[in-house]
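Trainee: Sequence:
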Amino acid sequence: MNRTAPRRTKTNEGNMAETAPESGTTESGTTGSRTVAFLGLGTMGFPMAGHLAKAGHRVTVYNRTAAKADAWVAKFGGVKAATPAEAAKGAEVVLLCVGGDDDVREVVGAVLGAMQPGAVIADHSTVSAEVSREMDAAARAKGLFFLDAPVSGGQAGAENGVLTVMVGGDAAAFERARPLMACYGRSVTHMGASGAGQLTKMVNQICIAGLVQALAEGMSFAQKAGLDGHKVVDVISKGAAQSWQMENRGKTMLDDKFDFGFAVDWMRKDLGIVLDEARRNGATLPVTALVDQFYAEVQAMGGNRLDTSSLMKRMRR
Numbered sequence: 004m005n006r007t008a009p010r011r012t013k014t015n016e017g018n019m020a021e022t023a024p025e026s027g028t029t030e031s032g033t034t035g036s037r038t039v040a041f042l043g044l045g046t047m048g049f050p051m052a053g054h055l056a057k058a059g060h061r062v063t064v065y066n067r068t069a070a071k072a073d074a075w076v077a078k079f080g081g082v083k084a085a086t087p088a089e090a091a092k093g094a095e096v097v098l099l100c101v102g103g104d105d106d107v108r109e110v111v112g113a114v115l116g117a118m119q120p121g122a123v124i125a126d127h128s129t130v131s132a133e134v135s136r137e138m139d140a141a142a143r144a145k146g147l148f149f150l151d152a153p154v155s156g157g158q159a160g161a162e163n164g165v166l167t168v169m170v171g172g173d174a175a176a177f178e179r180a181r182p183l184m185a186c187y188g189r190s191v192t193h194m195g196a197s198g199a200g201q202l203t204k205m206v207n208q209i210c211i212a213g214l215v216q217a218l219a220e221g222m223s224f225a226q227k228a229g230l231d232g233h234k235v236v237d238v239i240s241k242g243a244a245q246s247w248q249m250e251n252r253g254k255t256m257l258d259d260k261f262d263f264g265f266a267v268d269w270m271r272k273d274l275g276i277v278l279d280e281a282r283r284n285g286a287t288l289p290v291t292a293l294v295d296q297f298y299a300e301v302q303a304m305g306g307n308r309l310d311t312s313s314l315m316k317r318m319r320r
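Numbering-wise (the numbering used here), the sequence shown opens with residue 4 and increments by one.
To be clear, the hints were calculated from the coordinates, so they are not data collected in a lab.
Calculated pairs, SDA-like style, for lysine to any residue (alpha carbon to alpha carbon, straight line, at most 25 Å):
#	residue 1	residue 2
1	LYS272	GLN248
2	LYS254	LEU230
3	LYS57	VAL82
4	LYS241	LYS254
5	LYS145	ALA196
6	LYS254	ARG317
7	LYS241	ASN207
8	LYS272	ARG283
9	LYS71	ARG108
Keep in mind the model is a prediction, meaning the values are calculated, not measured.
Between the sequences and the hints, there should be enough to build the whole structure, so can you do that?
Mentor: Okay, here's the thing in structure tokens:
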């Protein structure tokens with residue numbers, strides 16, 4: 004099934020109106036089978052790469068733990084490579100989803116010499132805008148293109164192919180990679196120059212942090228007031244307080260369920276990136292800084308691998 008439907012990219016047309024379509028692109032914005040590599044098969048990368056294979060693309064995967072690559076090939080087909088460079092050789096687009104800044108530097112550094120001139124690297128990791136600009140410069144020096152393309156939507160979004168992808172970098176390179184990212188992205192949007200994707204993801208995490216803490220406080224208040232928390236969620240989610248977090252995490256918070264993917268450890272990593280950038284650009288983020296401290300308390304309680312809605316746990320101490 005080809006999932007590169009044009010409806011997912013309509014919102015980009017304002018930014019990209021002057022960009023010529025890629026050779027071989029149909030009027031609907033889709034392309035035929037492409038040769039791609041996907042590096043990093045964690046919670047997010049495993050299903051994302053799977054959507055590429057399901058869409059008919061020729062996918063070579065690499066993962067530090069080879070057993071995950073074996074499991075991916077057994078489920079989706081394709082081939083696995085022993086090194087990032089081997090996976091990237093001959094690929095039109097190399098996609099990666101790894102950990103932090105140093106991981107991106109290591110993986111991108113390993114593939115630059117193996118890729119053909121004009122090829123594109125698209126990084127779905129959440130890292131600093133600084134490292135994204137650094138990798139963009141390194142890629143350009145080799146005649147390549149680098150896109151910072153962090154995602155939002157969590158494990159469920161990756162599995163269901165409905166992620167939000169926010170992209171920074173060269174506009175023409177974005178157009179070439181966009182049909183691939185649309186295989187797992189409900190919204191794939193070019194945000195501007197190199198680093199703009201990561202900066203947009205920082206805004207996303209700032210907003211999520213405040214929302215989750217407010218939701219935890221509201222649910223705690225409802226319980227202490229003797230209300231039926233589930234009924235409260237049903238009622239107020241139909242009014243001005245409505246949010247994705249409320250509709251998807253309000254009741255699970257009340258039920259003490261915190262196993263929905265994106266872990267506290269990863270959120271603290273992301274908020275650290277946000278707060279570092281705020282120190283550079285002068286933004287004042289008092290709520291974000293406070294919620295980061297609250298997540299540190301959840302870690303101290305042993306909640307490192309619980310999902311981000313586990314802010315509720317510290318309300319019950």
